[in-house]
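**Q** If you're matching them up, the sequences are chains U and R in order.
Following this note's numbering, the numbering of the first sequence begins with 21 at its first residue and continues without gaps.
Following this note's numbering, the numbering of the second sequence begins with 577 at its first residue and continues without gaps.
Check the hints yourself; a few may be wrong.
Below, a list of computed lysine to any residue pairs in the SDA-like style, where the Cα atoms sit at most 20 Å apart [stated by the list, open to error]:
| id | chain 1 | residue 1 | chain 2 | residue 2 |
| --- | --- | --- | --- | --- |
| 1 | R | 684 | U | 140 |
| 2 | U | 138 | R | 662 |
| 3 | R | 681 | R | 656 |
| 4 | U | 126 | R | 584 |
| 5 | U | 126 | U | 86 |
| 6 | U | 126 | U | 143 |
| 7 | U | 138 | R | 615 |
| 8 | U | 156 | R | 625 |
| 9 | R | 684 | U | 24 |
| 10 | R | 681 | U | 68 |
| 11 | R | 681 | R | 609 |
| 12 | U | 86 | U | 24 |
| 13 | R | 681 | U | 138 |
| 14 | R | 684 | U | 123 |
| 15 | U | 126 | R | 662 |
| 16 | U | 138 | R | 680 |
| 17 | U | 156 | R | 590 |
| 18 | U | 138 | R | 608 |
| 19 | U | 126 | U | 138 |
| 20 | R | 684 | R | 643 |
| 21 | R | 681 | R | 657 |
| 22 | R | 684 | R | 585 |
| 23 | U | 138 | R | 631 |
| 24 | U | 138 | R | 590 |
| 25 | U | 156 | R | 616 |
| 26 | U | 138 | R | 609 |
| 27 | U | 126 | R | 603 |
| 28 | U | 156 | R | 631 |
| 29 | R | 684 | R | 584 |
| 30 | R | 684 | R | 586 |
| 31 | U | 126 | U | 94 |
| 32 | U | 126 | U | 141 |
| 33 | R | 681 | U | 140 |
| 34 | U | 156 | R | 609 |
| 35 | U | 86 | U | 102 |
| 36 | R | 681 | R | 666 |
| 37 | U | 156 | R | 608 |
| 38 | U | 126 | R | 589 |
| 39 | R | 681 | U | 141 |
Hints are computed from structural coordinates only; laboratory data are not their basis.
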Amino acid sequence: MRRFNWPLWLGFLLSVVTFFSYFAVFIWYPVTRDFPWANLLLFLVAAVLLFLGLRRAFTSDRRRSKILAAFVTTLGVVVIAFFLFAFFIGGRQLPASSGAPQVGQKAPDFTLTDADGKSVSLNELLSTPVNGTAPKGVLLVFYRGYW
Amino acid sequence: MRGIEQNIEQLRAQGIRPVAISVDSPETSRGLMQQQGYTFTFLSDPNAETIRRYDLVHAGQGEGGHDIARPAEFLVDSTGTVRWIHLTENYWVRARAEEVLEVSKLLK
């Protein structure tokens with residue numbers, strides 16, 4: 021009798037959804053962004069489901085179900101592996117930045133254009149009042165950008 | 577940067593001005609500010625000159641092989657001296673606003 025292999029498809033769906041959930045949801049919360057434990061847990065559930073689905077297909081006699089299950093499981097594993105690679109290996113591919121200003125050094129001055137097209141220098145940022153009083157400091161946040 | 581915006585009142589109350597810097601054009605930054613509701617300053621360094629001076633270039637990572645900035649945070653005091661640095665080892669991991677608030681208490 022041919023039965024729908026729900027653990028297989030649920031496992032696959034979960035691996036794909038989990039992959040995108042990091043960028044859509046978990047990236048917005050520091051706890052789940054800095055270490056993707058939520059994604060790892062979901063991936064673990066997905067892997068178990070895929071394994072159960074694969075086992076189920078291989079206990080049947082149908083050759084086509086076995087091939088399909090092997091194919092779907094492989095795809096799911098690739099999705100999981102790609103995420104792990106992107107996070108734990110790809111994310112660490114950063115320049116050393118050993119020449120970056122150190123604590124105690126003067127921050128190099130700059131003049132850049134703000135979002136309104138106005139020229140702004142570091143000195144101005146350090147002297148223009150914040151909340152009506154002289155600023156105690158400027159937090160420079162360099163980011164990759166959206167281009 | 578969302579963490580900064582969520583803590584913007586506390587940061588300003590402590591006299592800290594957050595400033596975001598990237599190779600994005602002012603137009604892109606304006607779009608980002610509107611979309612995300614960011615209220616702090618965004619600066620555009622299209623040729624990565626300032627990013628290079630701070631040794632933060634991530635070569636060839638941008639569109640068409642352009643240089644962009646690696647994520648990094650600096651707290652600079654009113655005399656222009658660097659008081660705290662955060663150079664992440666993994667670009668998914670960023671400094672938390674709470675950490676910045678802690679350090680900024682030490683500034684005079």
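**Q** Each hint should be assessed against the structure and marked as holding or not.
**A** Against the structure, the hints come out as follows:
no., hint, verdict
1, 684(R) with 140(U), "24 Å, violated"
2, 138(U) with 662(R), "28 Å, violated"
3, 681(R) with 656(R), "17 Å, holds"
4, 126(U) with 584(R), "25 Å, violated"
5, 126(U) with 86(U), "65 Å, violated"
6, 126(U) with 143(U), "12 Å, holds"
7, 138(U) with 615(R), "16 Å, holds"
8, 156(U) with 625(R), "26 Å, violated"
9, 684(R) with 24(U), "67 Å, violated"
10, 681(R) with 68(U), "48 Å, violated"
11, 681(R) with 609(R), "27 Å, violated"
12, 86(U) with 24(U), "13 Å, holds"
13, 681(R) with 138(U), "30 Å, violated"
14, 684(R) with 123(U), "16 Å, holds"
15, 126(U) with 662(R), "16 Å, holds"
16, 138(U) with 680(R), "27 Å, violated"
17, 156(U) with 590(R), "7 Å, holds"
18, 138(U) with 608(R), "17 Å, holds"
19, 126(U) with 138(U), "24 Å, violated"
20, 684(R) with 643(R), "36 Å, violated"
21, 681(R) with 657(R), "16 Å, holds"
22, 684(R) with 585(R), "18 Å, holds"
23, 138(U) with 631(R), "25 Å, violated"
24, 138(U) with 590(R), "26 Å, violated"
25, 156(U) with 616(R), "16 Å, holds"
26, 138(U) with 609(R), "16 Å, holds"
27, 126(U) with 603(R), "30 Å, violated"
28, 156(U) with 631(R), "25 Å, violated"
29, 684(R) with 584(R), "19 Å, holds"
30, 684(R) with 586(R), "16 Å, holds"
31, 126(U) with 94(U), "53 Å, violated"
32, 126(U) with 141(U), "14 Å, holds"
33, 681(R) with 140(U), "26 Å, violated"
34, 156(U) with 609(R), "24 Å, violated"
35, 86(U) with 102(U), "24 Å, violated"
36, 681(R) with 666(R), "27 Å, violated"
37, 156(U) with 608(R), "27 Å, violated"
38, 126(U) with 589(R), "24 Å, violated"
39, 681(R) with 141(U), "24 Å, violated"
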